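Chemist: Generate the whole structure from the sequences, applying the supplied hints.
Quick note on numbering: numbering that gives the first Met the number 0 labels position 44 of the sequence shown as 43, and the sequence is numbered without any gaps.
Calculated directly from the structure, the hints in this document are not laboratory data.
Just to be clear, a hint being listed does not mean it is correct.
[Unchecked claim] Each computed DSS-like pair below joins lysine-lysine, with the alpha-carbon atoms no more than 30 Å apart:
id : residue 1 : residue 2
1  : K55       : K36
2  : K51       : K35
3  : K36       : K51
If you're wondering where the values come from, they're calculated on a predicted model, not measured in any experiment.
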Amino acid sequence: MNMINVLILWIFPILFILALAIGLVVFLVVRKNEQKKREEFLRAAQRRAQEKELEKMKIDDL
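Modeler: Quick look at the structure:
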């Protein structure tokens, strides 16, 4: 009975907290990577829009 009490009172809560901590770290890493990808996409879209605008201006100048 004593061994079961040790498992229930110490090991399971420690494993649960460890799993929560690992999950939080994974969540934060994935979120940071997604934000980086989103920023790169927005910069690329903005660059394409500027290039299109410059192309329009060149056509208008002709």
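Chemist: Take the hints in turn and mark each one as holding or not.
Modeler: Tested hints:
1. K55 / K36: 29 Å, holds
2. K51 / K35: 24 Å, holds
3. K36 / K51: Distance ~23 Å between K36 and K51 Cα, so the pair holds.
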